[in-house]
Amino acid sequence: MITKIVSKNFDIKDSFKIDVALKNGAYSSLDTLFSKKPQELIDTITQSGLRGKGGGGALAGGKWQLASDHKGIKYLVVNADESEPGTFKDRRILSLDPHLLIEGIIATCYAIASHSSYIYVRGEYEEFSDVLQFAIDEAYDRKYLGVDARYRVDIVVHRGAGAYICGEKSALLESLEGNRGHPRLKPHTPSPEFYFSEPTLVNNVETIASVPFIVKNGAESYREYGTEKSPGTLLFAVSGNVNSPGVYEVPFGTGMLEYIEKLGGGVKNGKKLKAVIPGGASTPILPANLIKDVKLDYENLRDIGSALGTGGMIVLDEDASIVKALKNLLRFYHHESCGQCTPCREGTAWSDKILDKFIAKDASRQDLEVLRSVSNSMNGKTICVFAPAASGVIDGFLKHFESEFLECIK
Amino acid sequence: MKLLVNNTSIECAEGDLLIEVLLSNGVNVPHFCYHEDLGCDGNCRMCMVEIKGSKRPQIACDTFVKEGMEVSTISDNISEVKRSILELELLNHPVDCAICDQAGECKLQDYYMDYGLYDSKLSTPKTKKGKHIDLGSSVMLDQERCVLCTRCVRFTSDITKTGELGVIGRGDGARIAVAPNRELSNDYAMNVVELCPVGALTSKDFRFKQRVWFLDSTKSICHGCSRGCNIDIDYNQTKYTAEKVHRFRARRNNKINQSFLCDYGRLSYKELNDTFTLEVSNIEDFKKILNDEKKIALVSPSFSCEQLQGVYDFCKDKKISLFSLKYYDDNFGDEWLKTNDMSSNFASIQNLDISTNKEDFLASIADSNIVINFDHKYLKTKYLQDKRVIQFTSSSCEKNYELVYAIANFAHDSGSIINCDGLRQEFYSTKFTDKNPRLLELLEEFR
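If you're matching them up, the sequences are chains B and P in order. Quick note on numbering: numbering that gives the first Met the number 0 labels position 262 of the first sequence as 261, and the sequence is numbered without any gaps. Quick note on numbering: numbering that gives the first Met the number 0 labels position 280 of the second sequence as 279, and the sequence is numbered without any gaps.
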């Protein structure tokens, strides 16, 4: 069941050190890489069907092509701002196999003809960032990076200041430029991102870390894993009321319950499963009865009214309070809303305050209606998808567990 | 091309900004953050419209017109969207209109009447933020009234490039503030008060002075320097007090000042209230002197074209040599609106070929007994020793000149002036009733 593509070196001691990494195949894709033309690489990535693994699931090849089509200075920015609650996969790559990421960065930069790359690391990830920097320094010493490398690539590690919204790619770039982390307005036509007005490719850590495998083995061998539309693997993670929370790499299309049972060790203390938040906090909750046959891929989860997101599953057992769980999430959205546009700034705070009344069992029937209308006001009216995600979370909880909210009405 | 708005066809060009097309065609589009001279920011979400074929409502300030586009601003669906966003804008607002200076010209009030008219559903305490914060430059901030449209922030970052203001805090704790250890201080700072669509930023100079619905307004031109910025003069008369000008507001003219004014010009309204208090001399006395003495005249370079022509003709007729001296300050001008030439109509002085040579003026004044000063502000006393001075003045004058005649200032008169770029612009007289006589009327009587 476990399929190790990105996580192949995770269990090897000291794999962040370059000598250990080299013994275990690090940088072995470079010969194949430099034997190909950049456009061939982009085509390979497109054929492999590699999808962005930060939550959105957009096809990586399309983004690469957009960045590649622009001439002149270009940047690659690696999004390591992993802040989605329930998601802790990228930190494994940063700390356990940073050379895989560096190898992926070299390949991606070569493909889009960029020489400069930034890794935007979540502020709280100080220790992982230190490991990453250590690995980058060693890669410079061994001439995999820098002026003396076969293809010049420079990598700068930038640590964020601890804002969830800086994981949104345009807010990330604003933050990287030294501004407040506010998402930008969406472009009207397909276009790359822009960092200091230069075309820029932003990809998640795991996406980039998947590139060396595809370069080395070809698009078809990547497609051997996963499903037709969601090829490959993902570092799925499970947390909450399970016996063995952790990160386990499996192909897309694996059964969700099977994953929770076999890899997550089943629900803690033999309790019954109540619900699963399937892909990080921002994906709508699914009650146990809906997930019996659910497969872990983008299409399957979308069809049952949720999303795969980052693949970080949060498991709730029969004793978990749904109202408290929603309060926990809404407090998060209240705290992390950047405050730029109105529906999100006011809506996240308002819904959080309304939940306080439910927690205190002091709510009225009207509060439930207001919660629904606030959720509606936040959906589809904002600059970025933060508020619509919060809205989806509220709607999911109210749709599947309304009775628990009604119990809190005085 | 044609754009279909609420089933009415509007003529526009492909690629035009939708909100500009709508506003210029008189279609109501509520908006806070969009400003024609600051551009689009997209944060307030009030200008949402329904576009046929789009899944979600779109903001008009970031939508460009395309062939075949059909837009609705009044459907039930979009009205509900606007109502729900306005509800969120107003959610934590203190609703203290009774003591707010913006009342009467507040966008929150206007839009509530247009799109709101609901009762607040808030059942939890409102978010508290800072009140009456002195930002410097006579600007006061009330963070609770703010809708975070960031017009003020964008003005200081994009227009003046001084960057004093910013947003701090996140979510519902986000608020406008000055950067640490700084204050809002630049020559254009008070524009943020006018840019603010709500009562968050108020002017110390104007606040608590007048309710705006008691003010009359007249189109005018600032006389502070040669730029000729377009203004509205706001004035009124309340019971038992004198008529009074209360403020200048920038009037949009994209050829000159866009929607902005410098603080010096904005506060120069005070001179208009500097009313004449001396007893005005008899007209016959002037006529007597005029007949038999050696005299020269000095005229203000800020007179209107019509006034200058009148003075010019008068002096020619009476054979009085006429001079004018430029109001000039080397330290006043900047690279934007302010000019070193602080006379508002010097171009007309040159057009009429009135002598501006200082040496000639000093020689002539030494040779004369009588100096007629047509409201020139800086006629120095040292030149006037043992001279008989006839003063025409539009503001109070302390000197005990031999003859003093009060004349209407530019708020009380109408006319035109030519700015530093050669643009001739009209200004109009306020509806004041007890104003001083207009200069041209006086000159007519002196003939």
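No lab work stands behind these hints, which were simulated from the structure alone. Careful: at least some of the hints might be erroneous.
Claimed, not checked - Computed cross-link-like contacts, EDC-like style, restricted to lysine to aspartate or glutamate with a CA-CA straight-line distance of at most 16 Å:
1) P:430 - P:215
2) B:142 - B:30
3) P:293 - P:273
4) P:125 - B:355
5) B:185 - P:61
6) P:120 - B:257
7) P:160 - P:182
Evaluation of the provided hints:
1. P:430 - P:215: Within the cut-off at roughly 8 Å; holds.
2. B:142 - B:30: holds, 14 Å
3. P:293 - P:273: violated, 32 Å
4. P:125 - B:355: holds, 14 Å
5. B:185 - P:61: holds, 9 Å
6. P:120 - B:257: violated, 45 Å
7. P:160 - P:182: With Cα atoms ~14 Å apart, residue 160 of chain P and residue 182 of chain P stay inside 16 Å; holds.
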